[in-house]
Amino acid sequence: MIKPVAGLLFGIMLGCLFPTDMTAAYTKLFSAALLAALDSIFGGLRAATVDKFNDVVFITGFVSNTLLAAFLVYVGDMLGIDLYYVALLAFGFRIFKNLAGLRRYLLKRK
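Position 51, counted from 1, in the sequence shown is what the working numbering calls 267; the numbers after and before it change by one each time, with no gaps.
No lab work stands behind these hints: they were computed from the structure. Predicted model only: the values in this text are computed from it and were never measured. Do not rely on the hints blindly, as some may be mistaken.
[Claimed, not checked] For each label pair, taking beta carbons as the anchor points, the in silico distance ranges come out as: (1) Ile218 to Leu295: 40 to 48 Å; (2) Tyr301 to Ile218: 14 to 22 Å; (3) Phe226 to Asn270: 14 to 22 Å; (4) Val273 to Tyr321: 36 to 44 Å; (5) Ala316 to Ile228: 19 to 27 Å; (6) Leu323 to Lys268: 14 to 22 Å; (7) Tyr321 to Tyr290: 32 to 40 Å; (8) Leu233 to Lys324: 16 to 24 Å; (9) Asp298 to Met229: 14 to 22 Å; (10) Phe226 to Gly308: 21 to 29 Å; (11) Val272 to Lys313: 32 to 40 Å.
Just so you know, even glycine gets a beta-carbon here, dropped at the ideal spot from N, CA and C.
Construct all of the structure, not just a fragment, from the sequences and the given hints.
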């Protein structure tokens, strides 16, 4: 459980040390990629609580989900279709599902 939390804190620290400005054109891409990354982080936390965490699965899922979400939003923008909402809905649902699993696990432990 320490590795995902340490990675999250490291990422936040990097973001604070190297702030960047983002143009409005990239906000949809970034928000979908951010939700995909958060989905992977919460999935990693949930897997760590039940002792099923695997570094390779976490890293590959993190990278592939983030890139796929950004790619889908980009292709949707090129086609004039709002695939942005599909990515937000899918990853938002998975984040809440993982969070609910974490909550249930922590409540059962007490």
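How the hints compare with the structure:
no.: 1; hint: Ile218 to Leu295: 40 to 48 Å; in the structure: holds (42 Å)
no.: 2; hint: Tyr301 to Ile218: 14 to 22 Å; in the structure: violated (35 Å)
no.: 3; hint: Phe226 to Asn270: 14 to 22 Å; in the structure: holds (19 Å)
no.: 4; hint: Val273 to Tyr321: 36 to 44 Å; in the structure: violated (19 Å)
no.: 5; hint: Ala316 to Ile228: 19 to 27 Å; in the structure: holds (24 Å)
no.: 6; hint: Leu323 to Lys268: 14 to 22 Å; in the structure: holds (19 Å)
no.: 7; hint: Tyr321 to Tyr290: 32 to 40 Å; in the structure: holds (36 Å)
no.: 8; hint: Leu233 to Lys324: 16 to 24 Å; in the structure: violated (39 Å)
no.: 9; hint: Asp298 to Met229: 14 to 22 Å; in the structure: violated (34 Å)
no.: 10; hint: Phe226 to Gly308: 21 to 29 Å; in the structure: holds (24 Å)
no.: 11; hint: Val272 to Lys313: 32 to 40 Å; in the structure: violated (22 Å)
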